[in-house]
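> Spelled out from the first residue to the last, the chains are:
Protein chains: 2
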Amino acid sequence: VAIRILENIEKLARSRAVPCKALLVGSAARDTWLAGDHDLDIFIGMPEDNDLGAALDLAREIAPHHEEKYAEHAYVHANIEGFEVDLVPCYLVKDASRIVSAVDRTPFHTRYVSQRIPGLEGDVLLLKQFMKGIGVYGSELRIGGFSGYLSELLVLCYGSFVGVLNAAGKWRPGEMIEVPDQSHHEPQNTSIAGRVQEAWHNDPLVVIDPVDPKRNVAAALTLDKMFQFVAASRCFLRQHSDKLFFPPKIAPLKDEELLDLMDCRRSALVLIEFDAPPVVEDILFPQLRKAEQSIRGLLERNGFGVLRSDVAWHKVTSDVGDDGLARMLFELEVWELSQVKKHIGPPGWEAQHIDRFLSRHAKPLSGPYIQGGKVVVEIPRKYTNPRSLLISEMDQLSLGKHVKQQLHDGYKIYEGNELIQIEDMEFRRFMTAYFRKHMYIC
Amino acid sequence: VAIRILENIEKLARSRAVPCKALLVGSAARDTWLAGDHDLDIFIGMPEDNDLGAALDLAREIAPHHEEKYAEHAYVHANIEGFEVDLVPCYLVKDASRIVSAVDRTPFHTRYVSQRIPGLEGDVLLLKQFMKGIGVYGSELRIGGFSGYLSELLVLCYGSFVGVLNAAGKWRPGEMIEVPDQSHHEPQNTSIAGRVQEAWHNDPLVVIDPVDPKRNVAAALTLDKMFQFVAASRCFLRQHSDKLFFPPKIAPLKDEELLDLMDCRRSALVLIEFDAPPVVEDILFPQLRKAEQSIRGLLERNGFGVLRSDVAWHKVTSDVGDDGLARMLFELEVWELSQVKKHIGPPGWEAQHIDRFLSRHAKPLSGPYIQGGKVVVEIPRKYTNPRSLLISEMDQLSLGKHVKQQLHDGYKIYEGNELIQIEDMEFRRFMTAYFRKHMYIC
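The listed protein sequences derive, respectively, from chains A and B. The first sequence runs 1 to 442 under this note's numbering. The second sequence runs 1 to 442 under this note's numbering.
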């Protein structure tokens, strides 16, 4: 299928005198795609001094029933003979460090891996399926895991699937890896020091891109996904279980199961639900995570200790919109706090600050008094339960543009047993995954 | 009365050929006693090479209906003509820095103050009554405030009652004061540096004893009482209210008042009550405070945020003992916590620690998973309410010998509205003072 598409593009290009070159990139180009994966990435490369518009026109014509998408620039997505095909215009630059947009780098990655991977394709497939099984495969923001290219570099670096797992057992946060020039050699991470980039400072893992040494291939990887991989690697090396590659399916919770689990935890569960905004996942997820963090902070600041939280985008059909529902779940240690709270003011020796403090708290429930050398008053708490706090304060938080707008337009709050009113299977699977959350850790 | 007692002692001493000298010390000796104060301190001084036994025998004989007490050594307490008289044997040492026990220093204090205070007695009385009114007078451990001698030194130091109040407004924690050699001069605290004692390191206020420069006269003063005085001083200088000298009496709370106040605070009140051990206040109070701190720590460690706490010794007659009841009150932010709690383990890169951690938590409610780079499990909380926590863990705390023994023998726990079952007036006044707690702070 890929070859047919490439030929069609080049034929059409010749007839239009467009000086482009069609390239198959990604895992399909290097025999490292996973079974069940029906994605094809085809790039339409233009010389540097040309406009990409002509390439985009070719893509549109090749796939009449397409959808136009947009990352750094426009591209075309279409289903062709059962494959999900991305047709992406790019520039054919001479040197990967002088790219115009991120996609221009991809052909360099394909060339680099294709030349070195022969003989190691099986190890790459094992590693990718392992990462997929334990939930760390994919560099999209929702996952924050390992990209396909990163997994290929790791195999080149450590020589085999088991070699990568062994090496991971010694990783620490801030680990730096440089792929050796010759594959099957030990990685050389002694000479890196002088070339460390400022931007890598907080990256838990740095794998220097061999085609562009200023770039960290693992930039999207989070600390938690990194060590989820490390811990699962230790498990597999000890137990050799194929469960790690193919985890059991997640069944949706039935009403009584959901109620039983809630009763067993006796925690305060609060769900915020609203219409998902009409944006792609890589835009929605960072905003949901940001909102999750802001709301956690709000709850903690007001005395409601957060045990755990999670966010989801469930593509349920609803009467209100086509984009499904966004859901944010917070699990708290308490349902209700005392009406009275302690408010600690300035030290007893700062007369001016004390004046201002006391004028703001003229009628406390108790106090003022001195405790620990500071002036203290006891005043009524503004919010004694999470629902009233969220309703009053949520819209003043930093939430991300689209999420803020949707919350402004309306949302629902479900508390505790009210959660069983939500019956769609996506939500019930989400709750299974939430309650049964566990990872392979050894 | 004092002169009569002194004469009786000396007469009896002469007839027994005891080479002692009777001395009136304390506020009565220097015309600085407060109205209503019916205490007399009379010391029976012996030359350094004698035994104190003969002096103690004189005291016993002078006051046939006495009670024997014990501090650093034995002394006699008796009611004589309506006065509470302490008859205290001591050594007549040459130099206050070479005393045998703490009481031997007292005659030096009396002599020092008597020689310098004439003309300032009125200022001392104002200062003492002011301190009494705002609750910071008395160096006993229950109060942790200013002693009579300390208040006299402060007046000598700053020349007048108002002078002391003005100076206090500039105090900081760790303030050091040296009484000038000539009264009515500014205190010299420039030359102190070289003579600072290790033991003063944590004292909030250091007033060097003019008769023994290695001693801090303010050693018993707590940080909070110090700044309670500072804050009240500012108030008086601004408002000149005599309320600060004579605060209103504390009325006991009636049932409905107690219930109303509890409803208004909606906090979790927990009272522990047990028979007071048969010891004096200066032994019981430090143990009650220690127990209070230990129990606060236990509650906080288990997720029950403590708003405030207090302890009391109520001399109610009970069927169980003559020494009254000890009571410890804790006010919490929550009644009940979630059954599930988060337990954070070692970092994802410490394989050996992870093994040990997971073997201790084989069947968590959720987890293990990686969060913030660390291994986390969610497990059942051992105690979801304060009563079960206290019953199970209190006896393992560091509580002080007598309090521990009494708690071991038995105690009662009252929670929330159960508090109205306690009807004695001392408790009801304690609750008034607890709920209405406020200080003069400006």
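Among the clues, some could well be false.
It does not matter which identical chain is meant; a pair holds if it fits inside one copy or across any two.
As the list claims (entries may be wrong) - Listed next, the in silico DSSO-like pairs over lysine-lysine satisfying Cα-Cα at most 30 Å (straight line):
{"hint": "1", "residue 1": "21", "residue 2": "69"}
{"hint": "2", "residue 1": "401", "residue 2": "11"}
{"hint": "3", "residue 1": "437", "residue 2": "412"}
{"hint": "4", "residue 1": "69", "residue 2": "342"}
Just so you know, these hints were derived from the structure itself, not from any lab.
> At most 30 Å between alpha carbons: which applies to residue 21 and residue 69, within, between, both or neither?
within (21 Å within a copy, 105 Å between copies)
> Measure nothing new, just compare the shortest in-copy and cross-copy C-alpha distances for residue 401 and residue 11 to 30 Å and report within, between, both or neither.
Cα proximity of residue 401 and residue 11: none, with 44 Å in one copy and 96 Å across.
> Can you give me the call for residue 437 and residue 412, within, between, both or neither, at a CA distance of at most 30 Å?
Answer is within: at 25 Å inside a copy they meet the 30 Å cutoff, but 42 Å across does not.
> Since the copies are identical, ignore which copy is meant and state whether residue 69 and residue 342 lie within 30 Å (CA to CA) inside a copy, between copies, both or neither.
Neither: 54 Å inside a chain and 42 Å across chains, both beyond 30 Å.
In the structure shown, a violation is registered for the earlier hints numbered 2, 4, in ascending order.
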